[in-house]
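Participant: The primary structure of each chain is shown beneath.
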Amino acid sequence: MKKFIVEKGLVLPLDRANVDTDFIIPKQFLKSIKRSGFGVNLFDEHRYLDKGEPDSDNSQRPINPDFVLNQPRYQGCSVLLGRDNFGCGSSREHAPWALDDYGFRVIIAPSYADIFFNNCFKNGLLPIVLERAAVDQLFQEVESTEGYELEIDLASQTISKPDGSTLEFTVDEFRKHCLLHGLDDIGITLEDATEIQAFEAQWRAASPWYFTTPETS
Amino acid sequence: MSGKTLYDKIWDAHLVKQRDDGTALIYIDRHLIHEVTSPQAFEGLRLAGRSPWRAGANLAVPDHNIPTTSDERSQGLAGIKDPVSKIQVETLDANCREFNIFELEMNDLRQGIVHVVGPEQGATLPGMTIVCGDSHTSTHGALGALAHGIGTSEVEHVLATQCLMQKKMQNMLVRVNGSLNPGVTAKDVVLAIIGEIGTAGGTGYTIEFAGEAIQSLSIEGRMTVCNMAIEAGARAGLIAVDEKTLEYIKDRPFAPHGELWDQAAAAWLDLVSDSDAEFDRIIELEAASIEPQVTWGTSPEMVAPVTGSIPDPASEADSIKRSNIEQALQYMGLTGGTPISDIKLDCVFIGSCTNSRIEDLREAAQVVAGKKVADNVELAMVVPGSGLVKQQAEKEGLHEIFKAAGLEWREPGCSMCLAMNADQLGEGKHCASTSNRNFEGRQGFGGRTHLVSPAMAAAAAIHGHFVDIREINS
Ligand code: SF4
Chain A
0 MKKFIVEKGL VLPLDRANVD TDFIIPKQFL KSIKRSGFGV NLFDEHRYLD
50 KGEPDSDNSQ RPINPDFVLN QPRYQGCSVL LGRDNFGCGS SREHAPWALD
100 DYGFRVIIAP SYADIFFNNC FKNGLLPIVL ERAAVDQLFQ EVESTEGYEL
150 EIDLASQTIS KPDGSTLEFT VDEFRKHCLL HGLDDIGITL EDATEIQAFE
200 AQWRAASPWY FTTPETS
Chain B
0 MSGKTLYDKI WDAHLVKQRD DGTALIYIDR HLIHEVTSPQ AFEGLRLAGR
50 SPWRAGANLA VPDHNIPTTS DERSQGLAGI KDPVSKIQVE TLDANCREFN
100 IFELEMNDLR QGIVHVVGPE QGATLPGMTI VCGDSHTSTH GALGALAHGI
150 GTSEVEHVLA TQCLMQKKMQ NMLVRVNGSL NPGVTAKDVV LAIIGEIGTA
200 GGTGYTIEFA GEAIQSLSIE GRMTVCNMAI EAGARAGLIA VDEKTLEYIK
250 DRPFAPHGEL WDQAAAAWLD LVSDSDAEFD RIIELEAASI EPQVTWGTSP
300 EMVAPVTGSI PDPASEADSI KRSNIEQALQ YMGLTGGTPI SDIKLDCVFI
350 GSCTNSRIED LREAAQVVAG KKVADNVELA MVVPGSGLVK QQAEKEGLHE
400 IFKAAGLEWR EPGCSMCLAM NADQLGEGKH CASTSNRNFE GRQGFGGRTH
450 LVSPAMAAAA AIHGHFVDIR EINS
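Those protein sequences? They're chains A and B, same order as listed. Sequential numbering from 0 applies to the first sequence in numbering that gives the first Met the number 0. Sequential numbering from 0 applies to the second sequence in numbering that gives the first Met the number 0.
Just so you know, these hints were derived from the structure itself, not from any lab. Mixed in with the good hints, there may be bad ones.
[Stated by the list, open to error] List time: in silico DSBU-like cross-link candidates among lysine-lysine, alpha-carbon distance up to 30 angstroms: (1) K166/B to K16/B; (2) K175/A to K16/B; (3) K394/B to K50/A; (4) K160/A to K320/B; (5) K33/A to K166/B; (6) K2/A to K8/B; (7) K8/B to K33/A; (8) K166/B to K175/A; (9) K8/B to K243/B; (10) K50/A to K85/B; (11) K249/B to K3/B; (12) K175/A to K167/B; (13) K167/B to K1/A; (14) K428/B to K85/B; (15) K428/B to K50/A; (16) K16/B to K1/A; (17) K3/B to K50/A; (18) K160/A to K7/A; (19) K160/A to K33/A; (20) K33/A to K2/A; (21) K166/B to K1/A; (22) K3/B to K2/A; (23) K33/A to K80/B; (24) K243/B to K50/A; (25) K33/A to K175/A; (26) K175/A to K50/A; (27) K160/A to K175/A; (28) K343/B to K2/A.
[To be verified] Chain B regions said to be covered by chain A (calculated; three or more residues, Cβ under 8 angstroms): (29) 77-89; (30) 170-183; (31) 205-211; (32) 316-329; (33) 399-407.
From a predicted model like this one, the values you see are computed outputs, not experimental measurements. C-beta: ideal position from N, C-alpha, C; glycine also.
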């Protein structure tokens, strides 16, 4: 997994609550068996004016000039500012893959859907929860200031604004550790393989009915 | 010390290791797999040179991408016209063969939507931890299992380690008191709950559904309720085990048999929250006040009773909520203040892991029997949740009732629930759907979804607009 230490970047204000995973990446793009290449179809139904297909030539498609991601001032953004319940809907990890592939490294919102929140960390994206008032304030500042950038420092858990002021955020210790070091969850879990084996043996003895299969029962 | 909730009990029984920072390693009993969220996970295993920890814990079935017309299905994999979809299904078959994972392939009689197949095969058992790379895994909680959706990285993690790293959720109890009025179904109950607590109301919680109205539901009805726990923001929904649960599971292929069954059944009856268990949040609803529900917007919480009207954004004081309503109405092509019963339909979809089991089909068939689909309804389709559901329905002659009324009778799969296959809702079209999500574009680009119960969808097909099922029945 990619490490996350510090990220400084332009902020995209996506002023909409309940942004769901269909909004982030529509289902026709889920047919891929790869992990990469989803960035061009991030927010597809809003970003383009026609319906995208996995084999469309995206460079030829009509873009929606009103959609915030297409506005010249936000090109190259890497920090996404969102509203409540960001990432609700399906469990598709294609959503964080698309955000990551587009170039986002940080999301800031007042709340997230659980599965999406979790999936972000697994892909080197940092979802930050800030209070609603702080998010409102950020929306105002971003929208009124062209070139508005934030610097996010994971080690110190701070967000620095252009005026030099900072906001603090909390992050789970274990997830922070994994992000800072780019650690792979599976490797960490397998360090406990003996404990898993011991658990499994005791569980099989106590509840053998969970270990039957149609062939053996 | 207070007692344990059902969630606490299952969690504690599966705790392999508790870390100081609050994360825990949880053992997973059953892993369900479908073709959309698994290819990258298998690829990850291959790249790392890992193999499944316990191949026998997995059950795979393709459902999202497969065609639902008999003609296409009869051609096997060659019947999948979209080459990208076909690769995904072929990849699942190949991965299951390579890693020795039990798969019900596309044209196996037992194939179907993964959340219909799990319980049907007895692969979902009370007290289990169950995961699947699919958010509607919450369905399985209806049988007293702790079940939730995971992302693809976690699919790989479970394959490789039989465990997940998790933080414990909080406990929420949703109690529905009293008994439901005739015509009001499990779907209406869960839509009413979501209308009450909102789509983020359950975020961070595991919801246990309880109360007389929930207990009186059949197991299939309970699955409908738990299926949509995720739509209320909760990764998992749970319902206590009772005699009905045991009756449902007994003799299913994956379930224990003989002496092992007796031992298991005795243990499972303890899978209820203790009477002195404490919940972090409790919500109560009165069953008698729940009416048939219809969603009018682009989020399941945008729901109203069929006797009600679409809200007028102008009368919403909160500016964020107002703009949400405005955005939704614009997308839906609807105006605030319109009575729900004035919404005209172009399409009716009866299917999905929420409502495609045999009782759902019976409920719908009863409404359309001897009638005809309204002229303005261009497409009405019934997609059974599995091959076995389809077989049972045909045994009962339900397919003839549907066909005579002008509804299409399809092969099992996810179909127009998310329209990854060819079953897509046209742009600007309104669909009465028994599925679980009414997000923008969910059933097809520009499509407009209204979530309802099977009976309400069937009645809408006949009348061409929403009608109160209670008036039809009386
Ligand atoms: S029926 Fe719909 S909600 Fe259920 S698993 Fe299939 S796509 Fe997902």
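Participant: Evaluate each hint against the coordinates.
Facilitator: Against the structure, the hints:
1. A threshold of 30 angstroms between alpha carbons decides the hint, and for K166/B with K16/B the separation of about 12 angstroms falls inside it, so the pair holds.
2. With a C-alpha separation of about 20 angstroms, the suggested pairing of K175/A with K16/B holds against the 30 angstroms cut-off.
3. Straight-line distance between C-alpha atoms of K394/B and K50/A comes to about 41 angstroms, which puts the hinted pair past the 30 angstroms bound.
4. Among the hinted pairs, K160/A with K320/B is consistent with the structure: their alpha-carbon atoms are about 28 angstroms apart, no more than 30 angstroms.
5. Between K33/A and K166/B the alpha-carbon distance is near 29 angstroms, which keeps this suggested pair within the 30 angstroms criterion.
6. In summary, the hint linking K2/A to K8/B is not supported, as the alpha carbons are separated by about 37 angstroms, beyond the 30 angstroms threshold.
7. A C-alpha spacing of about 38 angstroms is found between K8/B and K33/A, which places the hinted pair above 30 angstroms, so the restraint is violated.
8. Straight-line distance between C-alpha atoms of K166/B and K175/A comes to about 14 angstroms, which keeps the hinted pair within the 30 angstroms bound.
9. Pair hint K8/B plus K243/B holds up; C-alpha atoms about 20 angstroms apart against a cutoff of 30 angstroms.
10. The hinted pair formed by K50/A and K85/B meets the criterion: a straight-line CA distance of about 21 angstroms does not exceed 30 angstroms.
11. Under the criterion of a C-alpha separation no larger than 30 angstroms, the hint pairing K249/B with K3/B is consistent with the structure, at around 27 angstroms.
12. Taken as a hint, the K175/A and K167/B pair is honoured in the structure, with Cα atoms around 18 angstroms apart against an allowance of 30 angstroms.
13. For a cut-off of 30 angstroms, the pair hint linking K167/B to K1/A stands: about 26 angstroms separates their Cα positions.
14. With a C-alpha separation of about 28 angstroms, the suggested pairing of K428/B with K85/B holds against the 30 angstroms cut-off.
15. Among the hinted pairs, K428/B with K50/A is consistent with the structure: their alpha-carbon atoms are about 15 angstroms apart, no more than 30 angstroms.
16. Distance restraint check for K16/B and K1/A: the Cα-Cα separation of roughly 26 angstroms lies within the 30 angstroms cut-off, and the hinted pair is therefore satisfied.
17. Between K3/B and K50/A, the direct Cα distance comes to roughly 50 angstroms. Violation of the 30 angstroms bound is thereby established for this hinted pair.
18. At roughly 10 angstroms between alpha-carbon atoms, K160/A and K7/A fall within 30 angstroms of each other, so this suggested pair holds.
19. Between K160/A and K33/A the alpha-carbon distance is near 36 angstroms, which puts this suggested pair outside the 30 angstroms criterion.
20. The suggested pairing of K33/A with K2/A holds, with an alpha-carbon distance near 21 angstroms, which does not exceed 30 angstroms.
21. Annotation: proposed proximity of K166/B to K1/A holds, straight-line Cα distance about 23 angstroms (limit 30 angstroms).
22. For the hint pairing K3/B with K2/A, the CA-to-CA distance comes to about 39 angstroms; that exceeds 30 angstroms, so the pair is violated.
23. Note on K33/A and K80/B: the hinted pairing holds, with a Cα-Cα distance of about 20 angstroms set against a maximum of 30 angstroms.
24. Of the pairs offered as hints, the one joining K243/B and K50/A is violated, with about 47 angstroms between alpha carbons and a cut-off of 30 angstroms exceeded.
25. With a C-alpha separation of about 27 angstroms, the suggested pair K33/A and K175/A falls inside the 30 angstroms cut-off, and the hint holds.
26. This hinted pair does not check out: K175/A and K50/A have alpha carbons roughly 38 angstroms apart, beyond 30 angstroms.
27. The suggested pairing of K160/A with K175/A holds, with an alpha-carbon distance near 21 angstroms, which does not exceed 30 angstroms.
28. At roughly 52 angstroms between alpha-carbon atoms, K343/B and K2/A are farther apart than 30 angstroms, so this suggested pair is violated.
29. Check result for the segment 77-89 of chain B against chain A: holds, 5 residues qualifying (beta carbon to beta carbon below 8 angstroms, three or more required).
30. Restraint check on the segment 170-183 of chain B versus chain A: 0 residues with Cβ-Cβ distances below 8 angstroms, three needed, restraint violated.
31. Coverage of the segment 205-211 of chain B by chain A is violated [criterion: at least 3 residues with CB-CB distance below 8 angstroms; count 0].
32. For the segment 316-329 of chain B, the assignment as covered by chain A holds, since 3 residues bring a beta-carbon within under 8 angstroms of that chain's beta-carbons and 3 suffice.
33. Coverage of a stretch by a chain is defined here by at least three residues with a beta carbon nearer than 8 angstroms to that chain's beta carbons; for the segment 399-407 of chain B and chain A the count is 0, and the condition is violated.
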